[in-house]
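Number of protein chains: 2
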Amino acid sequence: MKALEQRIQEDGRVIEPDILKVDSFLNHQIDPVLMQEMGKEFARLFANQGVTKILTVEASGIAPAVMAGLALDVPVVFARKSKSRILSDDAFTADVYSFTKQTSNAIRIDKRFLSADDHVLLIDDFLANGQALLGLKEIADQAGATIVGAGIVIEKSFQPGRQNAIDAGLENIHSLARIAVFEDGQVKFVNEEA
Amino acid sequence: MKALEQRIQEDGRVIEPDILKVDSFLNHQIDPVLMQEMGKEFARLFANQGVTKILTVEASGIAPAVMAGLALDVPVVFARKSKSRILSDDAFTADVYSFTKQTSNAIRIDKRFLSADDHVLLIDDFLANGQALLGLKEIADQAGATIVGAGIVIEKSFQPGRQNAIDAGLENIHSLARIAVFEDGQVKFVNEEA
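Protein chains in written order, with the working numbering: chain A, 259 to 452; chain B, 259 to 452.
Just so you know, the hints here were simulated from the structure itself, not pulled from any lab data.
Yeah, the Cβ is synthetic: ideal placement off N, Cα and C, and Gly gets one too.
Hints should not be assumed to be uniformly reliable.
Across the chosen pairs, the derived CB separations fall in these ranges [said to hold, decoys possible]: (1) A:S342 to B:S342: 17 to 23 Å; (2) B:I273 to A:G402: 26 to 32 Å; (3) B:D331 to A:D331: 21 to 27 Å; (4) B:N449 to A:K279: 45 to 51 Å; (5) B:Q421 to A:G427: 38 to 44 Å; (6) A:S342 to B:G308: 25 to 31 Å; (7) B:R302 to A:G427: 25 to 31 Å; (8) B:N449 to A:Q267: 47 to 53 Å; (9) A:K369 to B:D331: 35 to 41 Å; (10) B:Q264 to A:D442: 53 to 59 Å; (11) B:S362 to A:D348: 23 to 29 Å; (12) A:A426 to B:R302: 22 to 28 Å; (13) B:E441 to A:K369: 26 to 32 Å.
Same shape as in the complex, but just chain A:
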């Protein structure tokens, strides 16, 4: 998605060999107009696939997911994070390891909001190692829901997230911006998906 790639070039900051900060428009300060454009693009990519619900993880996934939900006219459920995995009859839960923070969090979704009748689209802000996406997949699997695919805002293609997700059986992964490499503090993109 060209508008997103341009924004990353203009306002993203490469602060370590493999860290991209996009907190000026995506995950701390948010540009609502860009979010809406992204939501429409997700809706285009996953049109006519029978999506009944969007799943994401708090907090950074919420804005793009809600805009996608608006464009697809389906509800959004954001998984809540907690320090420990409290098994509960009321919730689907999964563990998510963060390589950045080197800690594990649990994520949970109330069972009232996900069922075997659902066709879910998973949305997240970043795909790096794929742990959050795999956690959402695990929760959808627990519910017996059908996973239509995954929509990612920014994919770091030089990290194993996409392959990990494919290995876990996830199909139909679309990223709005795919970063091939950081070179001298600059961002180089993989050729955009059609």
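Given the structure of chain A, go ahead and fit chain B onto it with the hints provided.
Below, chain B without anything else, positioned relative to chain A:
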């Protein structure tokens, strides 16, 4: 706002004397269409007041804030929560006590995203004791920003949040739904603001 009051009547659940669960459309599962209507209503309430930025707190404030930002065409910044208040040269911080959880959290906003030139609108999902709103006000004050007002999705008018906010100097507080009382598990509203 009638559509919100109706939704609270239909889908809200009073689970304790003073707790209202609205996790089926606001703070776990999200109805994006309702969020957009709320965003437009916030934009109407705070039109022509020179708002340059919206501040909210993760995670439940993000969806209404982003929709308000879209309608007002201004950026949104969501404060991040953390367990402890780490004083930093890079961030404005405040402590927020949660009466529900009986714990204190710190909230932080990066200094790059708030300045004395800003005219900010504070948005949050609930106003009960007003602690989150006061934390956002404290952060705006640290930045020297002008506070235009506060937009709340659901106010529990039988709790002291509004008075606490007024006592702290906050003006122009608008709530889309003002709950007067819970009676026999039913929600009674204060007459809606014009």
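Here's how the hints hold up against the structure:
1. Between S342 of chain A and S342 of chain B the beta carbon distance is about 18 Å. The supplied range of 17 to 23 Å therefore holds.
2. Hint check: I273 of chain B to G402 of chain A, Cβ distance near 27 Å, so the stated range 26 to 32 Å holds.
3. Between D331 of chain B and D331 of chain A the beta carbons are some 23 Å apart, a value that agrees with the proposed interval 21 to 27 Å.
4. Between N449 of chain B and K279 of chain A the beta carbons are some 47 Å apart, a value that agrees with the proposed interval 45 to 51 Å.
5. Checked against the hint of 38 to 44 Å, the C-beta distance between Q421 of chain B and G427 of chain A comes to roughly 54 Å, which is inconsistent with it.
6. Taken as a hint, the range 25 to 31 Å is violated for the pair S342 of chain A and G308 of chain B, whose Cβ atoms sit roughly 45 Å apart.
7. Taking the beta carbon of each, R302 of chain B and G427 of chain A are about 47 Å apart, not inside 25 to 31 Å as hinted.
8. Take N449 of chain B and Q267 of chain A: their Cβ atoms lie about 51 Å apart, and the range 47 to 53 Å holds.
9. Roughly 39 Å separates the CB atoms of K369 of chain A and D331 of chain B, a value that falls within the hinted 35 to 41 Å.
10. Under the hint 53 to 59 Å, the C-beta atoms of Q264 of chain B and D442 of chain A, about 56 Å apart, fit the expected range.
11. Range check, S362 of chain B to D348 of chain A: about 27 Å between beta-carbon atoms, so the 23 to 29 Å window is met.
12. In this structure the hint that A426 of chain A and R302 of chain B lie 22 to 28 Å apart at CB is violated, the actual value being about 46 Å.
13. For E441 of chain B and K369 of chain A, the hinted distance range of 26 to 32 Å is satisfied, since their beta carbons lie about 29 Å from each other.
Hints 5, 6, 7 and 12, counting from the list given before, are not met by this structure.
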